[in-house]
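K.L.:
Note that UniProt numbering has the sequence shown beginning at 1, numbered continuously upward.
Do not rely on the hints blindly, as some may be mistaken.
[Claimed, not checked] Each pair of labels, with its calculated beta carbon distance range:
{"hint": "1", "residue 1": "Arg226", "residue 2": "Gly26", "range": "37 to 45 Å"}
{"hint": "2", "residue 1": "Asn42", "residue 2": "Ile105", "range": "38 to 46 Å"}
{"hint": "3", "residue 1": "Val207", "residue 2": "Ala30", "range": "20 to 28 Å"}
{"hint": "4", "residue 1": "His84", "residue 2": "Val187", "range": "38 to 46 Å"}
{"hint": "5", "residue 1": "Pro34", "residue 2": "Lys97", "range": "46 to 54 Å"}
[Unchecked claim] As a list, the in silico DSS-like pairs of lysine-lysine whose alpha-carbon atoms are at most 25 Å apart:
{"hint": "6", "residue 1": "Lys97", "residue 2": "Lys224"}
{"hint": "7", "residue 1": "Lys224", "residue 2": "Lys85"}
{"hint": "8", "residue 1": "Lys85", "residue 2": "Lys97"}
{"hint": "9", "residue 1": "Lys58", "residue 2": "Lys127"}
{"hint": "10", "residue 1": "Lys224", "residue 2": "Lys171"}
{"hint": "11", "residue 1": "Lys85", "residue 2": "Lys171"}
{"hint": "12", "residue 1": "Lys97", "residue 2": "Lys171"}
By construction, these hints were calculated from the structure, which means they are not laboratory data. The beta-carbon is built from N, C-alpha and C at its ideal position, and this holds for glycine as well.
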Amino acid sequence: MFGLSYWFLPLFAGCTWLGTLLAMLGRWVAIGSPHYPEMEPNQQVAFISDVGATSWGKPLFIAGSAVAVVVFDLAFVSERWLRHKGRLTKNYNRTEKILSVFATIFAIVGAAGLILLTIFDTRRHPKTHRAMLVVFIAGYIISAIFICAEYQRLGIHYRDYRILAISFWIKLGFIFLEIALVIAFGVLQLYDMYNPAAYIEWIISLVYIFYVWSYIIDFLPATKTRSYEDRFVHPHEVPKIRAQDDEMAMQTQANGNMMGGPVYSGGGGQPDAADTYLNYRPNGQEPSRNF
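With the hints as extra help, turn the sequences into a complete structure.
P.N.:
Next up, the structure:
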């Protein structure tokens, strides 16, 4: 649509979230970094939620967050559809499809948590706000875990596609980094170190942007598989394809070419495009269980 491919979804979602954060932070600094009622007495750096609870920050926080997570969740749905259509590497079995579905479900849960925490701000609904913050962070971390599990299994069969390995390690790094930052955030608040905790919260939000952008590389193969002939092939479809190749080769050899001369064809027994997609293994070698 409009000449854009699916990689535009995570790009737009990440830019929207980044623009929202920069606008909130920039406005707070521009008006003199005020100390809000919900901030602690010894706190000079505002949490994102503190800025998002203001009369001018709340509409921006709600709108920017809603657009960002809705578009990002569309990327999850698109990824599942593109794998089904062969625009991306196809899932080998039902387990991989289930992992993808669970990743999408928890991404939607995380999105709902973010939207609700912007609506139930920390000034008027502190308990609900904190609960939705947990839902938001946990939802996307669990979603990333399911995505990593799916990509690890895909990488066993599609070892030639390094994009899967790169994406896997980026998302795995996001999981560990976000968990470490969340733990640090909680510990700092427990010891009433609110300024460092505020810095950590802003960093957590920025790391989330790079996680969203990591899905750009996942969609890059889809830019080369618009044509049906260039799409990925499911392993169960290979015998049918090769049977058709053999039949066509036999007919061609029987009929000869247009000039009446001999025709030489190796039939469907030689490595072809399907072997490229399915990790052709000479001498019966099995793929590694790792990337």
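K.L.:
Is Lys224 within 25 Å of Lys85, Cα to Cα?
P.N.:
holds, 13 Å
K.L.:
When you check the alpha-carbon spacing of Lys58 and Lys127, does it fall within 25 Å?
P.N.:
holds, 17 Å
K.L.:
Lying within 20 to 28 Å: is that true of the beta-carbon distance Val207 to Ala30?
P.N.:
holds, 25 Å
K.L.:
Straight-line Cα separation of Lys85 and Lys97 no greater than 25 Å?
P.N.:
holds, 13 Å
K.L.:
Per the hint of 37 to 45 Å, is the separation of the Cβ atoms of Arg226 and Gly26 within bounds?
P.N.:
holds, 40 Å
K.L.:
I want to verify a distance hint. Is the separation of the beta carbons of Pro34 and Lys97 within 46 to 54 Å?
P.N.:
Holds: the Cβ-Cβ distance is about 50 Å, inside 46 to 54 Å.
K.L.:
Holds or violated: 38 to 46 Å for the Cβ distance of His84 and Val187?
P.N.:
holds, 43 Å
K.L.:
Straight-line Cα separation of Lys224 and Lys171 no greater than 25 Å?
P.N.:
holds, 24 Å
K.L.:
Next pair to validate is Lys97 with Lys171; report whether the Cα-Cα distance is within 25 Å.
P.N.:
Measuring from Cα to Cα gives roughly 18 Å; hence the hint holds.
K.L.:
Measure nothing beyond the straight line between the CA atoms of Lys85 and Lys171; if it is 25 Å or shorter, mark the hint as holding.
P.N.:
Distance of about 24 Å is within 25 Å: holds.
K.L.:
Between Asn42 and Ile105, does the C-beta distance stay in 38 to 46 Å?
P.N.:
Since Asn42 and Ile105 have Cβ atoms about 41 Å apart, the given range 38 to 46 Å holds.
K.L.:
If you draw a straight line from the CA of Lys97 to the CA of Lys224, is it 25 Å or shorter?
P.N.:
holds, 23 Å
Figure legend: structure checked against the earlier numbered hints; every hint is met.
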